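Engineer: What follows is each chain in one-letter form.
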Amino acid sequence: EAGVTQFPSHSVIEKGQTVTLRCDPISGHDNLYWYRRVMGKEIKFLLHFVKESKQDESGMPNNRFLAERTGGTYSTLKVQPAELEDSGVYFCASSHGQGFAYGYTFGSGTRLTVV
Amino acid sequence: GDSVTQMEGPVTLSEEAFLTINCTYTATGYPSLFWYVQYPGEGLQLLLKATKADDKGSNKGFEATYRKETTSFHLEKGSVQVSDSAVYFCALSEIIQGAQKLVFGQGTRLTINP
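Chains F and E are the protein sequences, given in the same order. The opening position of the first sequence corresponds to residue 5 in my numbering, with each subsequent residue numbered one higher. The opening position of the second sequence corresponds to residue 38 in my numbering, with each subsequent residue numbered one higher.
Worth flagging that the hints you see were computed from the coordinates, not collected in a lab. Small disclaimer: the values here were computed from a predicted structure and weren't measured. The C-beta atom is built at its ideal place from N, Cα and C for all residues, glycine as well. Fair warning: there could be bad hints in the mix.
[What the hints assert, rightly or not] Stretch-level coverage of chain F by chain E, calculated; a stretch enters the list once three of its residues show a Cβ under 8 Å from a Cβ in chain E:
{"hint": "1", "segment": "35-46"}
{"hint": "2", "segment": "78-84"}
[What the hints assert, rightly or not] Think about it this way: if two alpha-carbon atoms lie no more than 35 Å apart in a straight line, the pair counts; the simulated DSBU-like pairs of lysine-lysine are:
{"hint": "3", "chain 1": "F", "residue 1": "K45", "chain 2": "E", "residue 2": "K97"}
{"hint": "4", "chain 1": "F", "residue 1": "K48", "chain 2": "E", "residue 2": "K93"}
{"hint": "5", "chain 1": "F", "residue 1": "K82", "chain 2": "F", "residue 2": "K48"}
{"hint": "6", "chain 1": "F", "residue 1": "K19", "chain 2": "F", "residue 2": "K58"}
{"hint": "7", "chain 1": "E", "residue 1": "K86", "chain 2": "F", "residue 2": "K82"}
{"hint": "8", "chain 1": "F", "residue 1": "K48", "chain 2": "E", "residue 2": "K105"}
{"hint": "9", "chain 1": "E", "residue 1": "K105", "chain 2": "F", "residue 2": "K58"}
{"hint": "10", "chain 1": "E", "residue 1": "K93", "chain 2": "F", "residue 2": "K82"}
{"hint": "11", "chain 1": "F", "residue 1": "K45", "chain 2": "E", "residue 2": "K105"}
{"hint": "12", "chain 1": "E", "residue 1": "K86", "chain 2": "F", "residue 2": "K45"}
{"hint": "13", "chain 1": "F", "residue 1": "K48", "chain 2": "E", "residue 2": "K97"}
{"hint": "14", "chain 1": "E", "residue 1": "K89", "chain 2": "F", "residue 2": "K82"}
{"hint": "15", "chain 1": "E", "residue 1": "K86", "chain 2": "E", "residue 2": "K114"}
{"hint": "16", "chain 1": "E", "residue 1": "K114", "chain 2": "E", "residue 2": "K93"}
{"hint": "17", "chain 1": "E", "residue 1": "K89", "chain 2": "F", "residue 2": "K55"}
{"hint": "18", "chain 1": "F", "residue 1": "K58", "chain 2": "F", "residue 2": "K45"}
{"hint": "19", "chain 1": "E", "residue 1": "K86", "chain 2": "F", "residue 2": "K48"}
{"hint": "20", "chain 1": "F", "residue 1": "K48", "chain 2": "E", "residue 2": "K114"}
{"hint": "21", "chain 1": "E", "residue 1": "K86", "chain 2": "E", "residue 2": "K97"}
{"hint": "22", "chain 1": "E", "residue 1": "K105", "chain 2": "E", "residue 2": "K86"}
{"hint": "23", "chain 1": "F", "residue 1": "K58", "chain 2": "E", "residue 2": "K89"}
{"hint": "24", "chain 1": "F", "residue 1": "K45", "chain 2": "F", "residue 2": "K19"}
{"hint": "25", "chain 1": "F", "residue 1": "K19", "chain 2": "F", "residue 2": "K48"}
{"hint": "26", "chain 1": "F", "residue 1": "K48", "chain 2": "F", "residue 2": "K58"}
{"hint": "27", "chain 1": "F", "residue 1": "K55", "chain 2": "E", "residue 2": "K114"}
{"hint": "28", "chain 1": "E", "residue 1": "K105", "chain 2": "E", "residue 2": "K93"}
{"hint": "29", "chain 1": "F", "residue 1": "K19", "chain 2": "F", "residue 2": "K55"}
{"hint": "30", "chain 1": "F", "residue 1": "K82", "chain 2": "F", "residue 2": "K58"}
{"hint": "31", "chain 1": "F", "residue 1": "K45", "chain 2": "F", "residue 2": "K55"}
{"hint": "32", "chain 1": "E", "residue 1": "K114", "chain 2": "E", "residue 2": "K97"}
{"hint": "33", "chain 1": "F", "residue 1": "K58", "chain 2": "E", "residue 2": "K86"}
{"hint": "34", "chain 1": "E", "residue 1": "K114", "chain 2": "F", "residue 2": "K45"}
{"hint": "35", "chain 1": "F", "residue 1": "K82", "chain 2": "F", "residue 2": "K55"}
{"hint": "36", "chain 1": "E", "residue 1": "K105", "chain 2": "E", "residue 2": "K89"}
{"hint": "37", "chain 1": "F", "residue 1": "K82", "chain 2": "F", "residue 2": "K19"}
{"hint": "38", "chain 1": "E", "residue 1": "K89", "chain 2": "F", "residue 2": "K45"}
Just chain F, same shape as in the assembly (with noise of 0.2 Å):
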């Protein structure tokens, strides 16, 4: 079975431009999840998806960040316009259902650093 998988593994931007991360969770898992790690910090949730659906986008920092999942399948998280603060690790996770008892998988992430 495939993991998650993320990408770019590196991105490198100048503030002002525009970034696509893209997510490919583990095929059958409905339930996807972004988290990033900003300036050596805490990992924090930004959203989570039902299939193509956005259950809980608390986490978004604000309107800057558009994640989409169409089709319920892979997800891409836009950063537009992109500020120095965005650079970070971000992470995406997915399970099949909405509890630990089904597992949680992380991909390697997206290391976004904006100069």
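The hints should help you fit chain E onto chain F, whose structure is shown.
Structural biologist: Frame of chain F; chain E shown alone:
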């Protein structure tokens, strides 16, 4: 809201040393507690978990006990190896709108020297 506090790193030890990484939490309910590990170039992996007070999670020689009275979940290993070098994250689960999501500590970078 709920929160997790970990001891600050980085932590550097010699091989075969004893390891303790402290973790305390604040929660309104009775969360499950986790330790995740991120090895270089890899994703977050679940290392161990405990779902109720006094439970002990263990894996790969690591252990942590859910201490409700001290709201702690300290990670320990009796004899570390170079391959244990990684970043360790303590986390708790909270239930929001019927779905569990994780609240993480800031991570502790561990380096083991041969």
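Engineer: Each hint should be assessed against the structure and marked as holding or not.
Structural biologist: Verification of the hints:
Figure legend: the segment 35-46 of chain F, annotated as covered by chain E; annotation consistent (7 residues with Cβ-Cβ distances under 8 Å, at least 3 required). Chain E is given as covering the segment 78-84 of chain F, and this is violated because 0 residues of the stretch bring a CB closer than 8 Å to a CB of that chain, at least three being needed. Taken as a hint, the F:K45 and E:K97 pair is honoured in the structure, with Cα atoms around 26 Å apart against an allowance of 35 Å. Taken as a hint, the F:K48 and E:K93 pair is honoured in the structure, with Cα atoms around 26 Å apart against an allowance of 35 Å.
For the hint pairing F:K82 with F:K48, the CA-to-CA distance comes to about 17 Å; that is within 35 Å, so the pair holds. Distance hint between F:K19 and F:K58 is fulfilled; the C-alpha atoms sit about 28 Å from each other, no more than 35 Å. Restraint check for E:K86 and F:K82: satisfied, since their Cα atoms lie roughly 33 Å apart, inside the 35 Å limit. At roughly 24 Å between alpha-carbon atoms, F:K48 and E:K105 fall within 35 Å of each other, so this suggested pair holds.
For the hint pairing E:K105 with F:K58, the CA-to-CA distance comes to about 34 Å; that is within 35 Å, so the pair holds. Between E:K93 and F:K82 the CA atoms are separated by roughly 40 Å; this puts the pair beyond 35 Å, and the hint is violated. Between F:K45 and E:K105, the direct Cα distance comes to roughly 25 Å. Compliance with the 35 Å bound is thereby established for this hinted pair. Of the supplied pair hints, the one linking E:K86 and F:K45 holds, its CA atoms being roughly 22 Å apart against a limit of 35 Å.
Of the pairs offered as hints, the one joining F:K48 and E:K97 holds, with about 26 Å between alpha carbons and a cut-off of 35 Å not exceeded. At roughly 38 Å between alpha-carbon atoms, E:K89 and F:K82 are farther apart than 35 Å, so this suggested pair is violated. Among the hinted pairs, E:K86 with E:K114 is consistent with the structure: their alpha-carbon atoms are about 15 Å apart, no more than 35 Å. Between E:K114 and E:K93 the CA atoms are separated by roughly 13 Å; this keeps the pair inside 35 Å, and the hint holds.
Restraint check: the Cα-Cα separation between E:K89 and F:K55 comes to about 30 Å, which is no more than 35 Å; the hinted pair holds. Restraint check for F:K58 and F:K45: satisfied, since their Cα atoms lie roughly 25 Å apart, inside the 35 Å limit. Using a Cα cut-off of 35 Å, the hinted pair E:K86 and F:K48 holds, with the two alpha carbons roughly 19 Å apart. Taking the CA atoms of F:K48 and E:K114, the gap is near 27 Å; set against the 35 Å cutoff, the hint holds.
For the proposed pair E:K86 and E:K97, the alpha carbon gap of about 13 Å is at most 35 Å, so the pair holds. For a cut-off of 35 Å, the pair hint linking E:K105 to E:K86 stands: about 14 Å separates their Cα positions. This hinted pair checks out: F:K58 and E:K89 have alpha carbons roughly 30 Å apart, not beyond 35 Å. Simply put, F:K45 and F:K19 have alpha-carbon atoms about 21 Å apart, close enough for the 35 Å limit, and the pair holds.
Among the hinted pairs, F:K19 with F:K48 is consistent with the structure: their alpha-carbon atoms are about 22 Å apart, no more than 35 Å. A C-alpha spacing of about 17 Å is found between F:K48 and F:K58, which places the hinted pair at or below 35 Å, so the restraint holds. At most 35 Å may separate the alpha-carbon atoms for a hinted pair to count; F:K55 and E:K114 exceed this at roughly 39 Å. Distance restraint check for E:K105 and E:K93: the Cα-Cα separation of roughly 12 Å lies within the 35 Å cut-off, and the hinted pair is therefore satisfied.
In summary, the hint linking F:K19 to F:K55 is supported, as the alpha carbons are separated by about 32 Å, within the 35 Å threshold. Of the supplied pair hints, the one linking F:K82 and F:K58 holds, its CA atoms being roughly 15 Å apart against a limit of 35 Å. At roughly 29 Å between alpha-carbon atoms, F:K45 and F:K55 fall within 35 Å of each other, so this suggested pair holds. About 9 Å separates the Cα atoms of E:K114 and E:K97, which keeps this hinted pair within 35 Å; it holds.
With a CA separation close to 27 Å, the supplied pair F:K58 and E:K86 stays within the 35 Å bound. The suggested pairing of E:K114 with F:K45 holds, with an alpha-carbon distance near 24 Å, which does not exceed 35 Å. For the given pair, F:K82 sits about 18 Å from F:K55 by alpha-carbon distance, which is consistent with the 35 Å threshold. Taking the CA atoms of E:K105 and E:K89, the gap is near 8 Å; set against the 35 Å cutoff, the hint holds.
Taking the CA atoms of F:K82 and F:K19, the gap is near 14 Å; set against the 35 Å cutoff, the hint holds. Simply put, E:K89 and F:K45 have alpha-carbon atoms about 27 Å apart, close enough for the 35 Å limit, and the pair holds.
Checked against the numbered hints given earlier, the structure breaks hints 2, 10, 14 and 27 and satisfies all the rest.
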